[in-house]
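> Now for the letters of each chain:
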Amino acid sequence: MNAELFLAPFLTGLGLAILLPLLGCYLRLRDEWLAALAYSHVAAAGALLALVGGLPPALGGIAAAGLAGAGKRLFARRLSGGASYALLLLGGWAVAVLLAANQPMAERLGHALFDGQLYFAGDAALWQVALGVPLALLLLRAMSRHLLLAHTYPDFFRIRGLRSWPTQTGFDLLAALVLALATMSLGVMGAFALVFVPTWLAFRRAARWRAGLLGALGIGVLAYVVAFGLALWLDQPFGPVLAGLLVLVGLLVA
Amino acid sequence: MTARGLVAGWEQPATPPLDLALRTGEIVGLTGPNGVGKSTLLAAFAGRARVFAGQLEKRPNLQIALRTQDVPPVAGLPLSGRDLLALTGAGPVGLPAWLADRLDERLDRLSGGQRHYLTLWAVLQAPAELVLLDEPTNNLDAAGVRHLTAHLHERAGEGAGIIVVSHDAAFVAAACDRVVVLESADER
Numbered sequence: 001m002n003a004e005l006f007l008a009p010f011l012t013g014l015g016l017a018i019l020l021p022l023l024g025c026y027l028r029l030r031d032e033w034l035a036a037l038a039y040s041h042v043a044a045a046g047a048l049l050a051l052v053g054g055l056p057p058a059l060g061g062i063a064a065a066g067l068a069g070a071g072k073r074l075f076a077r078r079l080s081g082g083a084s085y086a087l088l089l090l091g092g093w094a095v096a097v098l099l100a101a102n103q104p105m106a107e108r109l110g111h112a113l114f115d116g117q118l119y120f121a122g123d124a125a126l127w128q129v130a131l132g133v134p135l136a137l138l139l140l141r142a143m144s145r146h147l148l149l150a151h152t153y154p155d156f157f158r159i160r161g162l163r164s165w166p167t168q169t170g171f172d173l174l175a176a177l178v179l180a181l182a183t184m185s186l187g188v189m190g191a192f193a194l195v196f197v198p199t200w201l202a203f204r205r206a207a208r209w210r211a212g213l214l215g216a217l218g219i220g221v222l223a224y225v226v227a228f229g230l231a232l233w234l235d236q237p238f239g240p241v242l243a244g245l246l247v248l249v250g251l252l253v254a
Numbered sequence: 001m002t003a004r005g006l007v008a009g010w011e012q013p014a015t016p017p018l019d020l021a022l023r024t025g026e027i028v029g030l031t032g033p034n035g036v037g038k039s040t041l042l043a044a045f046a047g048r049a050r051v052f053a054g055q056l057e058k059r060p061n062l063q064i065a066l067r068t069q070d071v072p073p074v075a076g077l078p079l080s081g082r083d084l085l086a087l088t089g090a091g092p093v094g095l096p097a098w099l100a101d102r103l104d105e106r107l108d109r110l111s112g113g114q115r116h117y118l119t120l121w122a123v124l125q126a127p128a129e130l131v132l133l134d135e136p137t138n139n140l141d142a143a144g145v146r147h148l149t150a151h152l153h154e155r156a157g158e159g160a161g162i163i164v165v166s167h168d169a170a171f172v173a174a175a176c177d178r179v180v181v182l183e184s185a186d187e188r
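These protein sequence lines map, in sequence, to chains A and B. Here our numbering is used: the first residue of the first sequence is 1, the next is one more, and so on. Here our numbering is used: the first residue of the second sequence is 1, the next is one more, and so on.
Here chain B stands alone, though its shape is the one from the complex (with noise of 0.2 Å):
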């Protein structure tokens, strides 16, 4: 996926011009202050927001997942573990070992961090050539933060093209093999 000068937005531009080419198998983050249009950017990748100006090239049927910071809400519904991962077409193989163990459980009694990881992990191991993360950390503790690193790494190493949002600077360093930094027009 190759973006030239790419302004994105819903209503009106409300990202800066973007340069970037990510290459099978790379893992990119993108940071930058709140409110710059780093989400906004993930969606218009995955062809969500409107492209004002610029170019974004795509392989033709290129498949993407993307996985926004809305949590899916499963609260009051017997929705387990299993169930999830069957919809988004993931597999279970990897998952840490605290979370294989609790497959069968409902989501909803599982807590905050376990449910996060597991709607993450049904979006990351979706059958997908691009990854698209919008603030994977939140919610995790530093064993998830350290499990999911190792696995975008994994992912990628399958053939997977990764962009992840994120305003944790360490997770984004470790994780990423490359990082764009955005800068607010104040900034500029």
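One chain only, chain A, in its complex shape (with noise of 0.2 Å):
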């Protein structure tokens, strides 16, 4: 086995194992899991969008992900209580499955976002995790202290003129972006599993939020690194590995 050849993806998949975990908590505390399925669904349809049309996927997936995620609060009012969510990932599984069905190229790329081919991430997704996961994780850390005041006091964080829109519309595309990066290398539920598991699992057990913290990102990385030995010994799919195993540790530990 030639270990040159799997550094690449290793590496692609080690950054988001490292940042979607954390991604997590902020958006389990805001009640917000399904937006990582939701934007996930849409980062695909984007990148099926963009193949079909000439362009590199990967700029299709983060712009659709992107426009969702800002323009989300434009619907707010009408979409409360998590529909928005529903129709985004509603929507964006729709178009996906669409393009998948009418046009060749797009079935099979189509396959791979859903199926979770992190083995043929290359250089340029490696790239983009370099630079997109140290930015995105100190976006967090700089929004941390605002997330969990504008949820615990709402009324308290808008008196004292704190600015919201870097905590709800920053947030908001914040995760889009994250979100649809991860799901051009790990897929669809890969990214879901990651964002979702660790976190549910640490919060569970954690005493203060920055345990919390810590418990999601080592079950996460910890969980992805036995996942990627599993699914190359095993030839098989790194997205499905991911998530079986992070589902039989959560019927475990919980």
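Heads up, some of the hints might be wrong.
Said to hold, decoys possible - Between beta-carbon pairs, the in silico distance windows are:
#1 A:Gly244 <-> B:Pro127: 33 to 39 Å
#2 A:Asp31 <-> B:Ala169: 35 to 41 Å
#3 B:Asp70 <-> A:Gly53: 45 to 51 Å
#4 B:Arg82 <-> A:Ala254: 22 to 28 Å
#5 B:Trp10 <-> A:Leu230: 53 to 59 Å
#6 A:Trp127 <-> B:Arg82: 36 to 42 Å
#7 B:Arg82 <-> A:Asp31: 43 to 49 Å
#8 B:Asp70 <-> A:Pro56: 44 to 50 Å
Said to hold, decoys possible - Pulled a few chain B residues facing chain A out of the computed Cβ check, cut under 7 Å:
#9 Ala46
#10 Thr68
#11 Val71
#12 Pro72
#13 Pro78
#14 Leu79
#15 Ser80
#16 Asp83
#17 Leu85
#18 Arg106
Honestly, the hints are just simulated from the structure, not real lab data. Where is the CB? At the ideal position from N, CA and C, for every residue including glycine.
Fit chain to chain and form the complex, with the hints in mind.
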């Protein structure tokens, strides 16, 4: 087995395995974990649309998810109670499946996006992650206190004159872009599994917020490393192996 | 802060006219029947509700802390009391012993009364010159009410003006320097 061949995919996934559980903590704080599935599906649809239109799929995926994240607030009044995420999920899925069913090129990429074929990640994906992950981690750290304060004391947050757009639209946009980036490499369900399960497990036991973040990070990275080796050894697509492993860990630990 | 003939509301006027002058270090109680608009007036003081008539004057750059009746949604979250105090900038000094020992526990594993007092404390002790509290004795036992009463005087002594909305007549009488009773339109 050529180790160099798998270095770029491994590092690409590792960067995302560090970022996604931490993003999941803030999505769960806001009770918006469904956003992970919604943005992933929109990103998949955007990537397929770009492919059909002769544009780079990654660009299409990131642009579609970014538009969904930034535009969600425009419909916030009409789409309360999490309806926006359900509609984005359904819309993204419908567009992606229809494109895959009618365009042979889109069918192949569609399978890769939904299966999660991390091993095909190349240097371009690694560069996107190498630049995007540290930036996203810095932004999350900068937003953290305001996200927590806006959730626990929304009135206190407002009357202190703290600007709401970085914590509302800014976070939506960040989540959408991160999930688009992750979907391109880990696949729709692989990305969702890393957002949802580590946070869910860590939040059950942690006593403090920081312990919750570290717990989610540890579970996410450990599960990723084991799943990467397991999928290679069994010669299986990465996404389902990661999701299956996390489900198993979740059932055993919870 | 001074209110002259202040009438506040959300979509439409919802309170009787209020005249009130609050000085630094003073604790004023607002009481009256349910639905008279006590919480709406508190929201107007905080700049949240709309002023329909009269005047509301506040010192420029006045730092305000507001505790509404809404309970912070902390169920299922790994947030400790210490995390919460850090968010608002409140300190733990002065907390009753029955809470000081539990600051590192998750908020959703405290009793309802303990959680209520801690979430109230996080606002009461936040850096502020005007503290607005809506029904602070809800869910508190007698020991909690006694501690809150004593601590409000300490907080006012540190230079904060405090307005308390409460239906608890005994608490208002013990804690407040002055009480303003709001009357509904039927009673006027």
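> Run every hint past the structure and note whether it holds.
Evaluated hints:
no., hint, result
1, A:Gly244 <-> B:Pro127: 33 to 39 Å, "violated, 50 Å"
2, A:Asp31 <-> B:Ala169: 35 to 41 Å, "holds, 38 Å"
3, B:Asp70 <-> A:Gly53: 45 to 51 Å, "holds, 48 Å"
4, B:Arg82 <-> A:Ala254: 22 to 28 Å, "holds, 26 Å"
5, B:Trp10 <-> A:Leu230: 53 to 59 Å, "holds, 57 Å"
6, A:Trp127 <-> B:Arg82: 36 to 42 Å, "holds, 40 Å"
7, B:Arg82 <-> A:Asp31: 43 to 49 Å, "violated, 23 Å"
8, B:Asp70 <-> A:Pro56: 44 to 50 Å, "holds, 47 Å"
9, Ala46, "holds, 5 Å"
10, Thr68, "holds, 5 Å"
11, Val71, "violated, 10 Å"
12, Pro72, "holds, 4 Å"
13, Pro78, "holds, 4 Å"
14, Leu79, "holds, 6 Å"
15, Ser80, "holds, 5 Å"
16, Asp83, "holds, 5 Å"
17, Leu85, "violated, 11 Å"
18, Arg106, "holds, 5 Å"
The structure is inconsistent with the numbered hints 1, 7, 11, 17, although it conforms to all the rest.
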